[in-house]
Amino acid sequence: MQIVINALVLGSVYVLISIGLTLIYGILRILHIAHAGIYTLGAFLGLTFYALTGNFWLALILSMVLTGIAGVGVYSYIYRRVLSKERIVPLVISIGLFIAMQDLYRLIWGAYKKPFALDLGINDIKGKGFVITQHQILILSLTGISLILLYLLMNKTKLGKAMKACADDLVMAGALGINVERVVSFAFFLGSALAALAGVLIGVYENNVYPTMGDEVSYKAFVVIVLGGFGSLSGAVVAGFILSFAETLLVAWKGFLLPRDAIAFLVMILVLMFKPEGLFRRAST
Amino acid sequence: MTLDYLYTLITFSNIFIILSLSLNVLIGYAGQVSLGHAAFFGIGAYTSAVLAVKFGLGYGTTLLLSVLIGGFFGFLLGLPSLRVRHDFLVLATIGLNFVVVALFKYIDFFGGPYGIIGLPAAKFFGKELGTGGYALYTAFWVVIVILLMIYIEKIYLRYGFEAIRENEDAAESIGVSVPLFKIYAFTISGALAGLAGNLWAYQMGMVFPDDFSFPVSITILTMVVLGGVGTISGPILGAVLLTFLPELLRFIQDYRLLLYGIIIVIVMMYQPSGLLGRQGILRKAFKR
Amino acid sequence: MRRLLAVLLVVAVSLAMAGVIKIGLFVPLSGIGADDGESALHGAMLAVKYVNDHGGVLGKKLELVYYDDQTDPKQSVSLAYKLVQKDGVVAVVSGSYSGPTRAAAGIYQRLKTPMVSAYAVHPDITKAGEYIFRVGTLATVQGRAGAHLAVEKLKAKRIALLVMDNDFGVSLANAFKAEAKKLGAEIVFEEKFAVGEKDFRTILEKVKKLDPDVIYATGYYFNASKIVTQAKELGIYQTIIGQEGYDSPLFIELSKNHAANGTVITTDLDRDSERPVVQWFMKEYEKEFGRPADMVAASAFDAVMILAKAIEIAGSTSKSAIKDALYKVSGIDSVTGFKHFTKDREAVREVVCQVIVGDRFHRFWVIDDPEIVTPGK
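These protein sequence lines map, in sequence, to chains Y, A and F. The first sequence begins at 0 in numbering that gives the first Met the number 0 and counts up one residue at a time. The second sequence begins at 0 in numbering that gives the first Met the number 0 and counts up one residue at a time. The third sequence begins at 0 in numbering that gives the first Met the number 0 and counts up one residue at a time.
This is chain Y alone, in the form it adopts within the complex:
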């Protein structure tokens, strides 16, 4: 039971981070490594606003909005200008950007890890042989709400449908009169805001925020989107949980045979060998 809860919490975080990457990859086919830098920015902004206002929810929303805007900035000032170039160009730009971002955070917020102490005033749920802490409740509920909202957005609104159309075929979507520019910007906004949410939640959950906290995310999230089939939102959600359960169960069963990252990548390589297009191939392409 405890294992299931641990895996669900871990999976929630994987999913929140991967959604942004999946949206962006789905539409622009960019391996957006700097997404991990955006995630870190979200965590730092959340911490800063929480320290300033003392109101966690306000800080969370401010962080999501500002980080979302930063994401749009990355798109319109940087990626947009190199979209026509070879695919490796945005990849390297993304790497350079990630390096610069992390060092910028160090200069602004300092090199030391900062605690993110938050007491929501909710009691931990204690059952027979398991416990769900208040921060786990926070993560599970916010992830649940986000996923439901995302589902409604993608399937019930015009904007969501436009995003799907763009992901299917960018040129075609433009020809059909969809304002591609706006849709892509929105995808960056949404993806970055969700990354900020993940950053803040992880900051609270781990009780620390620091400039290089994105390192692990920068490659781990890709495992999720590869397993999810590159660009499929539902695939990413399922893959996030599959990965978290695989890791957690393996640790419970065998201990740390190898570091978690190596396990995750081993799973990914195995899957790719047998299903070179990921577990959930996009239906349309």
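No lab work stands behind these hints, which were simulated from the structure alone. What you are looking at is a predicted structure, and each value in this text was computed from that prediction instead of being measured. No false leads were mixed into what you were given.
Straight-line distance between alpha carbons at most 30 Å, and here's what the computed BS3-like set of lysine-lysine pairs gives: (1) F:Lys111 to A:Lys126; (2) F:Lys181 to F:Lys207; (3) Y:Lys127 to F:Lys197.
Dock chains A and F against chain Y, hints included.
For chains A and F alone, coordinates are given in the frame of chain Y:
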């Protein structure tokens, strides 16, 4: 006296020239982007370290075996690349990098987290090379590798590689065996990275797992792309630039890494084919 | 006229040179180890200030020349040449991690320049040669001390072991295991984890079922804060024993629900010490840099203090004389209770056990049995 500082920088720069040229065989000629090149670098270095320290083999043997084993693992990675394509391959190579480093760390035979320490200095005719001599020695290998690159570019391989890079299906249709060329590319690339690993191991006198981790792969890829994919001079320039840049930027101490990142972004935005790439600013300047 | 100018220049240069003795320092100031690097730099700067305020060395002021190595052995190696040959430092302090430090140690040995490693733990660092010293406590000593703490002081019979998968964690765990078995305790559980690991709940669940007397967990403060937090969440109330890796105010800050309380660690830094230099260091560090000092800062401080003393004993800035003098340094104003070096250039000191109570480190026990605290025994 103070030249040793320069010599070590030149040695590191030479090692990275070989690494970036070897990665360029994959990216530039075969169109296979790898973000796990440090794995082969590490395999080469660990081969030399294990053989020299645990089995007491001489320099010539370790050099040869580093190249062969590096090439063999390149060949092995070439096999899945026939199935796994594009971005999936990029991710698979990242994965490979993590798995290889994890194995170095978790298997005691490879020294575990302690790495392997105590490689003897490389000896030639019973004489040790100083820092200057070793820089010269690595430069010798750079020249050999460049000649090999020119050969690869000139001779028929270029034909096949170029075709795969542009379009795999079209390559097949004009009778180029795509699988064979991919395997060639991976094998050559792995062997040369193995060579670089050998040079590194003897330069440092030791190997640690983290010296071959994912960020190193990122650095090598950045060198290739920044200089100019698919050229010979490009990756060389990239390697020299990114080895010396952190040292040149020392005067700004605290902003060094920030500026390093920004420089990469700006160069790529305004010189997307690389400084010495086909449309690169430096290439044009030279032509004029 | 030209000759006169040349003479004047030489005089001016030697006058300027006469005033200072240069000590080098390489530390990670950007990238992954930037926090520890900053602590080490600040500790070293404070030591230079302390020495200079007390009249300098040999009538001259100490000057610290430092560079960022980004935890990259490539850079630490080329910096070794730069510091020695270009900047002309007479001795060097390593404020960096094991990889860069071990790689650079070989170069300093070759250049016959004394190097004192502040807190890098790799056992082979000092094996680079007669010029390479370490001020931090060797991991084998700390592991051994930890075993005595567990078995003798805390009366543990059944011990669970969590091992971080790098040189630090593995060295500690091996030494601990051997000594604990010798003392008659049983290791009932052992599991390795990666340095970046964040979720220990699954292995802690297993530990809980085994119900050991104590848990010996190697790791840094950021692993440790998660281990203690998650252990408390799962209702594990056994004492967790840590080491100097835990020794940072951040260990307490990053643990949730005051979970750090009750943890016992072996370390170098005795915050309750009445010795004036410790009190001065703790107070001055917080005043100067706006945060409480940690073990890394204290070790770097001592490395500089030891070098200053060695230069004084040597009576000159000759590198080989400083090297010889390092073997004789003792009884200095040190924050970490450094006594002297062994012939293998490892530090001898009392191992201090600290307990966390009321979210603060306090002295718990002191191990000074030479059989335990002398490296190489």
